[in-house]
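Residue numbers (my numbering), protein chains in the order written: chain A, 20 to 277; chain B, 48 to 203.
Calculated directly from the structure, the hints in this document are not laboratory data. Check the hints yourself; a few may be wrong.
[What the hints assert, rightly or not] Stretches of chain A that chain B covers, calculated by requiring three or more beta carbons in the stretch to come under 8 Å of a beta carbon on chain B:
#	segment
1	69-80
2	140-150
3	157-165
By construction, the Cβ of each residue, glycine as well, lies at the ideal position given by its N, Cα and C atoms.
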Amino acid sequence: MSTASISLSKEPLVRFILRRADDALVLGHRLSEWCGHAPLLEEEMALANIALDHLGQARALYTYAAEVEAAGLDEDAYAYRRDPVDYLNVLLVERPNGDFAHTIVRLWLYSAFMSLWWQAMTGSKDAQLSAIAARAVKEVAYHLRHAANWLVRLGDGTAQSHQRTQMALDQLWPYAGEMFTSQPDEEDLIATGIAIDPETLRQAWLTRIMNEAAQALLKMPTAPFSQQGGRSGNHSEAMGHLLAELQFMQRTYPGAQW
Amino acid sequence: MVSHLTTEAARSIAEAVPDPEVPVLTLGDLGIIRAVALSDAGVDVTITPTYSGCPAMNAIGMDISLALTQAGYGAVRIQTVLSPAWSTDWISAEGHAKLRAFGIAPPHPRGTVLPVACPHCGATNTSEIAHFGSTACKALWRCNVCREPFDHFKCH
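The whole structure should be built from the sequences, with the hints applied where relevant.
Right under this line is the structure:
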């Protein structure tokens, strides 16, 4: 195996799959950073479990992308041998973890969206994407329940936990809108029922978020969804640091296995 | 190929392989062996993954290959098929009994809401300690009567 970076396919379906695979890989990596640092033993297991689910979803999607691209690549090539500009995840998932409230609010915003997204994708005309979705939709239901439970405990908890949770929501909110964007090369995929237009999920997502934020005594932010760019490869500084750690082994010892 | 190497025998061998994380269950009890087919080239075993992130899937594939190779079957190919998605409803009745005997509360049928019975004393006065347990498929529970903690195989 070579250390050289692979170039990003122009094929719309490959890119569509990679966008979602990258979301899962990067969030899974962020959650795994909590290993050994979680506030309680049970939470240590929970975050590691949720991280593993995301890695598993990423692997299934990368493997399928490799099959569609048919360029002799595999899941590891996509995960480890792209340059930052060729990762297509939303900025929300690459944000540093911050404190526990920050991690939970991000997981909640993302899982609330993904539970709708995977549910809609179970009806994809692409049999493999529909099969991956059928499994992922059950997993994300756990993630969402877990994050929403914590949101209420923290938001309706002590003065400090409330303040930190509100701050996390205010800071992450501008990043949430990117989840609802679709790319120009997805138009045909949406028209043929292979992909879905995430914009159609916005109202259901917002209703749920407003409802659960109210239960957690949190104020809804009024800031616009101003932060986006990850879907087109324009990442924040945090992404380079994340990839340096994620890719180190495979870049240094190509093809290393154990 | 020797005559005792039949499809049925290969299937029995694959189904008898223990699950690496819940070794009280066989892969047959778990319901993840989808198909076994013999050909001149060897044997193809089709399995369905449980959870996307289940780290045991690679080990399961290796264990099946090893068991069949040791039994004299030629090249073993493991294929995974995602659809229809595995659910805990596929665990056999025998699997449920084995789980209970091992101290793990078995999953309920999907879509039902039933109390989780303590696998040690049978009491239904139990409560969840943590939604995520020692493996992806289990949650941590406690019996309020005998006070023992136990794993509950989550409905999935």
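Violations among the numbered hints, reported as their numbers in ascending order: none
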